[in-house]
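J.: Spelled out from the first residue to the last, the chains are:
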Amino acid sequence: NAGVTQTPKFRVLKTGQSMTLLCAQDMNHEYMYWYRQDPGMGLRLIHYSVGEGTTAKGEVPDGYNVSRLKKQNFLLGLESAAPSQTSVYFCASSYLLGGQIYGYTFGSGTRLTVV
Amino acid sequence: SQKIEQNSEALNIQEGKTATLTCNYTNYSPAYLQWYRQDPGRGPVFLLLIRENEKEKRKERLKVTFDTTLKQSLFHITASQPADSATYLCARATGNQFYFGTGTSLTVIP
Chain A
3 NAGVTQTPKF
13 RVLKTGQSMT
23 LLCAQDMNHE
33 YMYWYRQDPG
43 MGLRLIHYSV
53 GEGTTAKGEV
63 PDGYNVSRLK
73 KQNFLLGLES
83 AAPSQTSVYF
93 CASSYLLGGQ
103 IYGYTFGSGT
113 RLTVV
Chain B
182 SQKIEQNSEA
192 LNIQEGKTAT
202 LTCNYTNYSP
212 AYLQWYRQDP
222 GRGPVFLLLI
232 RENEKEKRKE
242 RLKVTFDTTL
252 KQSLFHITAS
262 QPADSATYLC
272 ARATGNQFYF
282 GTGTSLTVIP
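Just so you know, the protein sequences line up as chains A and B, in that order.
Start counting at 1 in the first sequence, then tack on 2, and there's your number in the numbering used here.
Start counting at 1 in the second sequence, then tack on 181, and there's your number in the numbering used here.
Heads up, a few of these hints could be off.
[Unchecked claim] To give an idea of the chain A side of the interface with chain B (calculated C-beta under 7 Å), a few residues: (1) Gly44; (2) Val52; (3) Tyr66; (4) Gln102; (5) Gly105; (6) Tyr106; (7) Gly109.
[What the hints assert, rightly or not] Quick look at which bits of chain B chain A covers, simulated, 3 or more residues with Cβ under 8 Å: (8) 208-216; (9) 280-288.
If you are wondering where the hints come from, they were derived from the structure by calculation, not from laboratory data.
Think of the CB as a built atom: it goes at the ideal place given N, C-alpha and C, for glycine as much as any other residue.
Please model the complete structure; the sequences and the hints are all you need to start from.
T.: So, in structure tokens, the structure goes:
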């Protein structure tokens with residue numbers, strides 16, 4: 003049982019390049035999320051999805067796009083990378099229990115550096 | 182905004198003592214709060230969830246309280262061990278999202 007798998011684990015991009023981060027979960031969870039974590043800022047939500055084919059903006063969506071074509075996968079795209087997007091990116095998944103979203107299962111993160 | 186604050190950036194405690202971490206929120210009370218543990222270079226791991234109508238929740242050496250009057254949640258680790266050293270995050274639920282605090286780094290000194 004892999005849980006939530008993120009690829010790649012590390013990446014260095016040049017300013018203006020594009021890339022896609024992949025998140026895959028094998029727990030049949032409906033909800034999936036992309037967060038970024040920066041020193042002193044905590045985890046901030048970029049985009050999230052409440053089911054296959056749906057996406058919604060979080061707290062800091064600018065410069066990112068997402069897609070959820072399959073229930074188990076949630077992709078995060080950077081169209082034109084900027085140094086401000088240097089961060090650690092975490093994917094998480096969850097499900098409803100008693101009408102409330104239960105604890106997230108997080109991936110191990112992707113460390114992205116934009117130079 | 183759905184602000185959530187963790188008062189201390191860092192907390193050092195002697196092994197065997199009880200560690201107490203604080204999480205404060207603003208505006209209306211969330212329906213529930215969650216606590217996570219994060220080790221360096223890894224993703225957060227879910228520990229406990231406490232609902233608005235629950236005063237206290239326990240799991241082994243962990244205890245969480247939820248005080249809607251003070252707008253505060255306390256996270257306790259009893260009989261702390263060096264292996265408990267990590268960053269602990271609290272999160273408040275708002276709709277389909279969680280807002281996280283910046284975390285408290287706990288160091289348990291042998």
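J.: Tell me the numbers of any earlier hints that the structure contravenes, in ascending order.
T.: As far as the earlier hints go, only 3 is violated by this structure.
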